[in-house]
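Protein chains: 2
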Amino acid sequence: MNREKLIDLIKSRGSFLCVGLDPDLDKIPLHLHEYEDPIFEFNAAIIDATRDHCVAYKPNLAFYESMGLFGWQSLQKTIEYIGESHFTIADAKRGDIGNTATKYAEAFFKNMAFDSVTVAPYMGSDSVKPFLEFEDKWVVLLALTSNPGADDFQLEIMDGGVEKLYQKVIRTSCTWGSPNNMMYVIGATRPEYIKEIRAMVPEHFFLVPGVGAQGGSLADVAENGLNSDVGLLVNASRSIIYAGRDEYFAEAAGSEAKRISAEMKLILQKKGLI
Amino acid sequence: MNREKLIDLIKSRGSFLCVGLDPDLDKIPLHLHEYEDPIFEFNAAIIDATRDHCVAYKPNLAFYESMGLFGWQSLQKTIEYIGESHFTIADAKRGDIGNTATKYAEAFFKNMAFDSVTVAPYMGSDSVKPFLEFEDKWVVLLALTSNPGADDFQLEIMDGGVEKLYQKVIRTSCTWGSPNNMMYVIGATRPEYIKEIRAMVPEHFFLVPGVGAQGGSLADVAENGLNSDVGLLVNASRSIIYAGRDEYFAEAAGSEAKRISAEMKLILQKKGLI
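Note that the protein sequences, when read in sequence, are chains A and B.
Quick note on numbering: our numbering labels position 87 of the first sequence as 87, and the sequence is numbered without any gaps.
Quick note on numbering: our numbering labels position 54 of the second sequence as 54, and the sequence is numbered without any gaps.
Calculated directly from the structure, the hints in this document are not laboratory data.
There could be a bad hint or two in this list.
[Said to hold, decoys possible] Straight-line C-alpha distance at most 30 angstroms; calculated DSSO-like pairs for lysine-lysine:
id : chain 1 : residue 1 : chain 2 : residue 2
1  : B       : K164      : A       : K27
2  : B       : K164      : A       : K11
3  : A       : K164      : B       : K137
[Said to hold, decoys possible] Example chain A residues on the side facing chain B (calculated, C-beta under 8 angstroms, incomplete):
id : residue
4  : G124
5  : T145
6  : N147
[To be verified] Output of the computed footprint for chain A on chain B, the stretches with three or more beta carbons under 8 angstroms from beta carbons of chain A:
id : segment
7  : 99-105
8  : 264-272
We put the beta carbon where it would ideally sit given N, CA and C, even for glycine.
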């Protein structure tokens, strides 16, 4: 999906919600265990219930890989089930040397038709650029993540006290691609930084995890991160997919996605973006 | 595999060679395409031919994931085929927030019985520690990688010019685990740094890629990186597995592994380590 289509989708739906599909066999409703592929049944029900309220889906690969072959199968069925109506993010946080990065790009862009993949910056340009060579596909680069461990390295000051590591990552990497094929992961738990990063890269989309279970505020993220093309995809995973844990789990997920989406619509209207 | 067993294995075999299993359908000999699972046939032949000359195998996950479900199946069969006689490294370069890191750890340590997994440090302590909670399992943390992109961030100077990012990563992370459950990835293409890193963490094992196709020198790596427990696993992938491209590919791989292993034995003997 290219940038123009993504922006159209967001504006026409009045939502910049991304639903994180992180299914866990220990957490999904018990009655689903009767199905041959409980994970796919769970995802399909969540997708049906949330489809009209969100613009993107983000399966986190770890949850599928931890189930081995069956998990991989569930993931493939899930991505096919989503189809082309939504922007899809393989939350894989990959990053490896050139010839290996190309293989990962093939895995997610060719075999599974994801629109984008999350990539870790530690190994530098040749670990990221191979992902940028696919038309209408995106790199979502980790910049400032939502977890406590982000303090360990990302917020450390670099050479001469001029900038922090995450700033260096953004400043360096924004020349590798363009706002048409790169986004940045900026955690919602650090709203004080979103404004400053928006000033650094005014046009890039940000994928913002950390609203919901991790405690970030949607209003703060929007206030600091919106640009004239909206420029945000805000992700919620656990707070949506586990909103209910009984046979009405999908309805509960749908309600929660609808609630967030309504809040987003109001924000976009107030800002005159829709 | 615990540290003691790993050291015993290395010393008894007189080798610290790790064979990288990065199979590519476009590069494996044509006649293997007749088999139902060409990738597994290729790996099994390579393993049979190199088993006596190496102490570890390192499948790079990208090469399997790029083939989807079939690749995942080939990987599972490969890891079972290796068995417990060798140290196994899932070269996955994962790194994600706590609950997700636990899922990745389950994927590699429980479902597939790998001894270790490569992990990226960018997201900090809570992205690494969940992997350290499995007995006799190891984190192999990216520190200074062998690719050109390592210059972009890893070699950048941090706060006040005191240390570079890779040094900060090593100094910080070496307290998260111990030399019994953490190793570091240090590229062979940067021998000038290996000596200095050995001084920083005298006991930790280093996994050293970049010998072979990437041009690093075994003698330089050994000179700078060996410690009294050997402390090195030197990986070669393409230079071994593609040493031959015809029906005698396994013999060629075996010869190349034997050649490197013999060089290692000589080095270990000269240093009085065996």
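Comparing the hints with the structure gives:
1. B:K164 x A:K27: violated (42 angstroms)
2. B:K164 x A:K11: violated (44 angstroms)
3. A:K164 x B:K137: violated (33 angstroms)
4. G124: Check passed: Cβ of A:G124 comes within 2 angstroms of chain B, closer than 8 angstroms.
5. T145: Result: holds, 5 angstroms to nearest chain B Cβ.
6. N147: Given a least distance of 4 angstroms, the restraint on A:N147 holds.
7. 99-105: Per the Cβ count (4), the hint holds.
8. 264-272: violated (count 0)
Hints 1, 2, 3 and 8 from the earlier list are contradicted by this structure; the remaining hints agree with it.
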